[in-house]
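Quick mapping for you: the protein sequence lines, in order, are chains D and C.
With the working numbering, the residue at position 12 of the first sequence is 12, and numbering never jumps.
With the working numbering, the residue at position 237 of the second sequence is 237, and numbering never jumps.
Because the hints were derived from the structure by calculation, they are not lab data.
Predicted model only: the values in this text are computed from it and were never measured.
Among these hints, one or two may not hold up.
Given that identical chains are not distinguished, each listed pair holds provided it fits within a single copy or across any two copies.
Derived lysine to aspartate or glutamate pairs resembling EDC-like cross-links, with alpha carbons at most 20 Å apart [stated by the list, open to error]: (1) K23 x E67; (2) K13 x D122; (3) K91 x E29; (4) K145 x E6; (5) K91 x D298; (6) K13 x E358; (7) K28 x D193; (8) K328 x E73; (9) K28 x D298; (10) K196 x E153; (11) K10 x D122; (12) K324 x D35; (13) K189 x D100; (14) K28 x D96; (15) K84 x D214; (16) K84 x E393; (17) K91 x D199.
Each chain is listed here by its residues.
Protein chains: 2
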Amino acid sequence: MPKLNENILKMEKNYLFINIAKKINAFKENNPDADIIRMGIGDVTLPIAPVVIDAMKKGCDEMGVKETFKGYEDSGAGYDFLKKAVSDYYKKLGADVAPDEIRINDGAKSDCGNIVDIFGNDNIILVTDPAYPVYVDSNRMSGRKIIYADSNEENGFAAMPDFSVHADIIYLCSPNNPTGSVYTSEQLKVWIDYAKANDAVIIYDSAYEAFITDANIPRSIYCVEGAKECAIEMCSLSKTAGFTGMRCGYTVIPDTLVYRSENGSDVPLSQLWNRRQGSKFNGVSYPVQCAAAAVFTDEGQRQIHENIAYYQENARIISDTMTKLGIKFTGGVNSPYIWFKCPNNMDSWDFFDLMLAEIYVVGTPGSGFGKNGEGWFRLTAFGDRQRTIEAMERFEKFVNNMK
Amino acid sequence: MPKLNENILKMEKNYLFINIAKKINAFKENNPDADIIRMGIGDVTLPIAPVVIDAMKKGCDEMGVKETFKGYEDSGAGYDFLKKAVSDYYKKLGADVAPDEIRINDGAKSDCGNIVDIFGNDNIILVTDPAYPVYVDSNRMSGRKIIYADSNEENGFAAMPDFSVHADIIYLCSPNNPTGSVYTSEQLKVWIDYAKANDAVIIYDSAYEAFITDANIPRSIYCVEGAKECAIEMCSLSKTAGFTGMRCGYTVIPDTLVYRSENGSDVPLSQLWNRRQGSKFNGVSYPVQCAAAAVFTDEGQRQIHENIAYYQENARIISDTMTKLGIKFTGGVNSPYIWFKCPNNMDSWDFFDLMLAEIYVVGTPGSGFGKNGEGWFRLTAFGDRQRTIEAMERFEKFVNNMK
């Protein structure tokens with residue numbers, strides 16, 4: 001009989017957002033007329049930019065003609081035209097990333113989950129808490145030891161390293177999901193110094209970099225000195241260009257990331273990742289890559305920034321409501337997330353249930369992201385403008401009634 | 001310092017087809033004028049059917065309009081419209097598969113590689129040899145024990161089980177990649193009986209089912225009694241509908257696949273897979289799913305079968321050449337692959353090099369698929385008609401000159 005992966009059985013039965021979807025569906029069944037506003041899962045609502053759609057349709061047409069048809073990619077790591085576009089984009093952010101250090105993927109979640117395959121199981125994993133559940137889930141599935149750096153009210157939900165504690169692999173996310181906090185260059189330099197002191201590798205999630213408005217906040221870890229020697233960066237077009245249903249992102253594994261194997265030879269992480277992907281991945285749909293490349297054109301950037309500005313205004317509306325109500329929060333600036341303290345010191349799931357029952361607004365319980373999220377709550381700015389305003393009007397009355 | 005996955009370092013440095021691509025590129029550099037005909041990697045050459053392109057472009061248009069825009073899928077396992085289309089297709093093949101037992105993926109390779117994540121590492125894996133390298137590679141990466149069932153000239157390259165040997169997880173592929181052999185219902189029934197005797201699970205790769213012309217050969221393992229209690233099936237649109245660059249396939253995990261965990265509880269494999277995918281996968285691009293659904297419409301089936309018939313005629317041309325030259329082979333019927341014995345008892349890579357150097361035709365060395373492939377060679381029928389004819393003309397002279 002096949003032995004099962006018992007590590008999975010020790011985890012919570014469902015991924016966080018699947019649990020939330022189930023709760024909402026159950027509520028809807030009992031309350032079919034409730035006008036629910038979803039600000040839970042971080043999903044976008046604006047359509048894909050016209051220049052991106054046109055590029056994708058052009059890619060479709062090419063697939064329908066023998067002379068321009070594309071089959072397998074040789075490498076599966078992305079077409080040169082897209083890797084070049086991402087590399088040029090990095091230049092604009094002030095980071096030096098060569099096209100061949102970039103791997104195109106079907107969204108950051110896949111690579112973020114699968115990257116664990118290139119490491120042994122006896123590593124110490126450091127995750128800031130609260131965090132995007134994939135960091136913890138993917139390591140728990142392979143039975144790894146996870147330690148946590150606390151992000152909390154005191155440090156503005158931006159954990160810093162404890163140099164007395166050792167780690168081998170470090171997950172960081174800035175702008176942070178779920179807390180909306182950002183690391184400055186100086187703070188990231190401290191993390192890089194910590195990684196180097198431990199000869200550790202950082203897995204840096206920059207999925208929300210496009211929401212940074214403060215010129216002093218780095219939009220890539222490679223804007224900070226030393227990062228090319230210790231950090232993998234993962235980014236996504238999901239929130240930048242509304243690709244949650246299109247599926248495209250990219251991972252940077254610098255050639256300079258080299259670690260010692262058991263037999264004493266130096267092994268580039270890129271070699272291990274290429275081998276993993278060579279056997280388990282066949283690349284991203286060609287028309288999707290055409291769409292992604294259009295995002296990085298001048299017109300693409302102009303069009304997606306209209307959408308980003310729209311979400312940023314939503315974030316301002318939500319933030320202003322929190323300020324008005326005297327509720328403590330982080331994020332809202334440089335980030336599409338608003339992370340706030342549940343009124344009346346309620347715990348996260350109780351507040352989720354109450355808010356859904358009373359005002360039909362769905363958010364994400366902070367405790368779903370880790371123990372330090374308990375008592376906190378996440379709202380996203382990715383909704384429709386009128387619905388966001390409506391949700392905040394309901395929220396204001398709701399909180400005032402609780403007082 | 002991060003401990004690396006040493007299992008990967010013990011493997012060959014590159015995935016088979018990446019090695020072949022490198023060899024070709026090196027040859028081209030030294031012989032820039034050589035008119036190379038590629039019959040190596042099993043990649044298609046005909047463009048995507050018009051009805052499929054239209055459906056994908058319609059999906060693109062929907063993504064550009066707020067009212068029809070699609071973000072994340074709730075489950076990430078595929079839209080209902082596509083799962084229903086696949087389920088209906090299974091009915092036509094004579095198999096009963098419910099939509100909710102189907103998971104849509106970005107090509108069979110991903111699921112085939114990632115399925116290992118739901119099993120513990122202390123399983124005995126049985127692979128028929130020769131085989132598609134992903135079965136072996138993905139299990140070697142997690143350090144599992146692999147045993148082999150020999151496919152060879154004596155059994156027509158269709159290995160049968162040895163009931164005196166125990167296995168927990170069994171990989172089967174019919175029509176077979178690389179040998180083109182097919183299992184009859186009676187043979188599959190023996191494998192199912194073997195799986196049941198061992199309480200083992202079969203991972204059945206049916207990627208080439210659309211090439212079966214013999215009505216007596218099952219096109220799904222679920223056409224055979226008992227399979228729903230022991231088999232996962234993986235299929236792909238890559239060869240069926242030319243999706244190698246579009247990326248879409250499907251995996252069936254019947255609800256009836258239930259195994260005992262260490263604590264004695266019964267666990268459906270679907271639960272473990274859903275948890276794995278929930279944390280590591282976000283579904284397939286919506287326009288790609290629209291394209292895939294069009295494949296299963298009546299008009300889609302009519303159009304893709306024109307392409308399949310074209311490839312089948314190529315297979316006949318290659319087979320006829322082998323027959324004419326008195327070369328032993330399997331496949332060519334019910335399969336797009338022709339698997340032949342290298343002339344003059346050459347070994348596979350020597351024959352690869354010689355054929356490339358002498359007649360600029362690329363194939364795949366049989367030894368790349370396992371030890372029983374040594375001395376054998378694979379050609380694919382997925383090329384252009386005129387190029388296939390040209391390749392066979394060159395091949396005929398080449399082999400005659402060797403005599």
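Now for the hints, and whether the structure bears them out:
1. Neither within a single protomer nor between protomers do K23 and E67 lie at most 20 Å apart by alpha-carbon distance, with minima of 50 Å and 24 Å respectively.
2. In this assembly of identical chains, the alpha carbons of K13 and D122 never lie at most 20 Å apart, being 24 Å within a copy and 23 Å across copies at closest.
3. Taking the shortest alpha-carbon separations for K91 and E29, neither the intra-copy value of 50 Å nor the inter-copy value of 32 Å comes in at or below 20 Å.
4. Within a single copy, K145 and E6 get their C-alpha atoms as close as 15 Å, and across copies as close as 18 Å, so both meet the 20 Å cut-off.
5. Proximity of K91 and D298 under a CA criterion of 20 Å is satisfied intra-copy only: 14 Å inside one chain copy versus 49 Å between copies.
6. In this assembly of identical chains, K13 and E358 lie within 20 Å of each other by CA distance neither inside one copy nor across copies; the values are 28 Å within and 59 Å between.
7. In the homo-oligomer, the alpha carbons of K28 and D193 never lie at most 20 Å apart, since the shortest distance is 50 Å inside one protomer and 46 Å across protomers.
8. For the identical chains of this complex, K328 and E73 are neighbours neither inside a copy (49 Å) nor across copies (32 Å), given an alpha-carbon limit of 20 Å.
9. Taking the shortest Cα distances, K28 and D298 never come within 20 Å of each other, neither inside one copy (43 Å) nor across copies (37 Å).
10. In this homomeric assembly, K196 and E153 never come within 20 Å of each other (Cα to Cα): the closest approach is 28 Å inside a single copy and 56 Å across copies.
11. Proximity of K10 to D122 under the C-alpha cut-off of 20 Å is found in both arrangements, the shortest distances being 18 Å within a copy and 18 Å between copies.
12. For the identical chains of this complex, K324 and D35 are neighbours neither inside a copy (25 Å) nor across copies (73 Å), given an alpha-carbon limit of 20 Å.
13. With identical chains, the CA atoms of K189 and D100 are never at most 20 Å apart, being 25 Å at best within one copy and 48 Å at best between copies.
14. Taking the closest pair of Cα atoms, K28 and D96 never come within 20 Å of each other, the shortest separation being 49 Å inside a single copy and 32 Å across copies.
15. For the identical chains of this complex, K84 and D214 are neighbours neither inside a copy (26 Å) nor across copies (48 Å), given an alpha-carbon limit of 20 Å.
16. For the homomeric pair K84 and E393, neither the shortest alpha-carbon distance inside one copy (45 Å) nor that between copies (41 Å) is at most 20 Å.
17. Neither within a single protomer nor between protomers do K91 and D199 lie at most 20 Å apart by alpha-carbon distance, with minima of 27 Å and 56 Å respectively.
Hints 1, 2, 3, 6, 7, 8, 9, 10, 12, 13, 14, 15, 16 and 17 from the earlier list are contradicted by this structure; the remaining hints agree with it.
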